[in-house]
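*Asks:* Here are the chains, one letter per residue:
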Amino acid sequence: MISYKNVNKWYGELHVLNSINLEVEKGEVIVVCGPSGSGKSTLIRCINRLEPIQEGELVVDGMAVHDKKTNMTKIRAEIGFVFQSFNLYPHMTALENTTIAPLKVRGFNKAEAEKLGREMLTRVGLADRIDHYPAQLSGGQQQRVAIARGLTMKPKIMLFDEPTSALDPEMIHEVLDVMRDLAKEGMTMMAVTHEMGFAREVASRVVFMDEGKIIEIAPPNDFFTNPQTDRGKYFLQSILTH
Amino acid sequence: MLEGFNFRIIWEYMPLYMQCFAATLWLSGLSLFGAVVVGIIACAMRLSQSRILRSIAGVYIETIRSTPLLAQLYFFYFGLPSMGIMLPEWLTGVIALTLNSGAYYAEIIRAGIQAIDFGQIEAGIASGLSYIQRMRFIILPQALGNTIRPMLGQAIILVKDSSLLSLISIMELTRAGQVLTSERFTPAEGFLTTAAFYLIIYYMLKAFSGWSEKRLIFREAH
Ligand SMILES: Nc1ncnc2c1ncn2[C@@H]1O[C@H](COP(=O)(O)OP(=O)(O)OP(=O)(O)O)[C@@H](O)[C@H]1O
Ligand SMILES: [Mg+2]
Numbered sequence: 001m002i003s004y005k006n007v008n009k010w011y012g013e014l015h016v017l018n019s020i021n022l023e024v025e026k027g028e029v030i031v032v033c034g035p036s037g038s039g040k041s042t043l044i045r046c047i048n049r050l051e052p053i054q055e056g057e058l059v060v061d062g063m064a065v066h067d068k069k070t071n072m073t074k075i076r077a078e079i080g081f082v083f084q085s086f087n088l089y090p091h092m093t094a095l096e097n098t099t100i101a102p103l104k105v106r107g108f109n110k111a112e113a114e115k116l117g118r119e120m121l122t123r124v125g126l127a128d129r130i131d132h133y134p135a136q137l138s139g140g141q142q143q144r145v146a147i148a149r150g151l152t153m154k155p156k157i158m159l160f161d162e163p164t165s166a167l168d169p170e171m172i173h174e175v176l177d178v179m180r181d182l183a184k185e186g187m188t189m190m191a192v193t194h195e196m197g198f199a200r201e202v203a204s205r206v207v208f209m210d211e212g213k214i215i216e217i218a219p220p221n222d223f224f225t226n227p228q229t230d231r232g233k234y235f236l237q238s239i240l241t242h
Numbered sequence: 001m002l003e004g005f006n007f008r009i010i011w012e013y014m015p016l017y018m019q020c021f022a023a024t025l026w027l028s029g030l031s032l033f034g035a036v037v038v039g040i041i042a043c044a045m046r047l048s049q050s051r052i053l054r055s056i057a058g059v060y061i062e063t064i065r066s067t068p069l070l071a072q073l074y075f076f077y078f079g080l081p082s083m084g085i086m087l088p089e090w091l092t093g094v095i096a097l098t099l100n101s102g103a104y105y106a107e108i109i110r111a112g113i114q115a116i117d118f119g120q121i122e123a124g125i126a127s128g129l130s131y132i133q134r135m136r137f138i139i140l141p142q143a144l145g146n147t148i149r150p151m152l153g154q155a156i157i158l159v160k161d162s163s164l165l166s167l168i169s170i171m172e173l174t175r176a177g178q179v180l181t182s183e184r185f186t187p188a189e190g191f192l193t194t195a196a197f198y199l200i201i202y203y204m205l206k207a208f209s210g211w212s213e214k215r216l217i218f219r220e221a222h
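Protein sequence lines, in the order shown, are assigned to chains U and G.
Residues 1 to 242 (our numbering) are what the first sequence spells out, left to right.
Residues 1 to 222 (our numbering) are what the second sequence spells out, left to right.
Among the hints, a few may not be true.
[To be verified] Part of the chain U face toward chain G, derived, beta carbon under 7 Å:
no., residue
1, Phe81
2, Ala101
3, Lys104
4, Gln237
No wet-lab data here; the hints were simulated from the structure.
Built from N, CA and C at the ideal position, the CB exists for glycine as well.
Can you build the whole structure from these sequences, using the hints too?
*Replies:* This is the structure we're talking about:
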C-alpha cells in the first residue's frame, strides 16, 4: 500500500530521511516512534507530498508520489491526515469541516456528503456536536472532528502525526479509542505516537527512528520487551521514566 | 452665528444635492467593489508561487501607496488621452479610485490571510483542495471576517477621496458645494451641506460593518 524504496530527503545540510526502506501492507497499523527531531513527521508527511522527497521511490496505492508529474489531488483524496494541532477550519461547523473536501475534491453531492459526514461524526461519538464550531468544542472533540473529516473522504489510508500530544490527559483516551476502532476495522494506518498502550494493542509493527534513519522495525511486543539496539533501549527508558 | 445662514438656498439646491449624493454613492460603490476585487487579485498574486506575479503585484502596490491619489487621477485624466485612450470622465474617476484603494485592500487582505494559522492551509492541501479552492473556502472567508474593520476604514477613505473627482468636473457631492458657492457666493451653506451628506454615508457604512461583524463573529462563535 505504501512503499518506500531508498528514500532520501535533506533540509539544506540536514539529512532528515536517510535511505528509508519500508513496505506497509494493506490493513497494517504502523506506529512510528523516536526522539524529537528524528524525522517521524517528515516520514509520514512525504506520503501525500506535504513534503517532497529528493531521492528514491515512494509509491502509494500504486501511484508514484516521487514522480513530479503525478497529480497529487487523487492520492490526497485517498489519504486522511490528522495533525497534532487539529487544524480545523474555525469558520465552519463540525459538519461543514467534514463535508468541504468530499464536496469539492471527491465531487459528492451535498446530500451524499452530509449523510456521510453525519455518519462519520456519529462514529467518532459526536452525533450531538454536528452543528458546533471548533471553538465550542474541547480539544479531544476537535481532534475527533478532524478524524471524522479524514474519514468522510472514504480514505484508503489514515495518517496521524502525534494526534494526542496537544491534548489534556483525560481527553487522550477518547481519541485513542476512535483510532483503536479504526485499526480493528482494517484501516491502513501510520501513526506517529508515543502512546505505548495503543501501540501494543493494535500496531502490526513499530518503526523506531533516529537521526533520519529507521533503526528498528519490529512487532510491538518484540520492540518493547527486547529492543535490538542500544538507541532503542535508551529511547524506551527515556519514555518510560517520563 | 447661524443668523446669516441661508437655509432657503440649501432647500433650493436640494435637487442638485440629491443628484450628486446619488452620484457619490454609485461612483464610490462601484469603485469599492472594483477595489475589493482588484485587492483580492493583487493579494493572491503577491502570495503566489510565481516570482513574476509577485513582482508585478509588488510594483503595483508600492507605486500606488507611495504616490498621491491626485497625481494618479491626473495621470488617468490627462495622461491616458494623450496616449490616445479616451474614456468618459466618470470611468476615469472610477478606475483611479479602484486602482488606488485596490492596492490598500491588497495589503489589508494580506494581513488578514497571514493571521490565519498555516496548519489550516496544510489541512486543505492534505485533503486535496486546490489553491483556488483553499482561497475560496478556507482563507478568504476568514480573511474577510478578520478584516471587516480595516476594510470599512478604507471604504470611508475611498468615499472621502471621491471628492477629488470634483477636480475632473464630475458632478458629485463636493462639486455640488462648489456649484452652490460659485453661483450664490455661499461657501458655508454649500460645503456644510456637502459635509452633512458625507456624514450620512459614513453612518451607513458604519451600520453595515456593525451588522456584518456581528454576523461573522456569531459564525466564528468566539
Ligand atoms: N521546513 C523545515 N526546514 C528545515 N528543517 C526542518 C523543516 N521541517 C523540519 N525540519 C527539521 O528536520 C528534522 C526532522 O523533523 P521532523 O519534524 O520530521 O521530526 P520529528 O521526529 O517529527 O520531531 P518531533 O518529535 O519534534 O515532532 C528536525 O531536526 C527539524 O528541525
Ligand atoms: Mg513531529
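*Asks:* Each of the hints needs a verdict: does it hold here or not?
*Replies:* Do the hints match the structure? See the list:
Among the interface hints, the one on Phe81(U) holds; its C-beta lies about 4 Å from the nearest C-beta in chain G, closer than the 7 Å criterion. Hint status for Ala101(U): holds, given a least beta-carbon distance of 4 Å to chain G, under 7 Å. For the restraint placing Lys104(U) at the interface with chain G, the shortest Cβ-Cβ distance is roughly 5 Å, inside the 7 Å limit, so the hint holds. Below 7 Å, beta-carbon pairs count as interface contacts, and Gln237(U) has none with chain G, the closest being about 32 Å; its hint is therefore violated.
Going through the hint list in order, the structure does not satisfy hint 4, though it satisfies all others.
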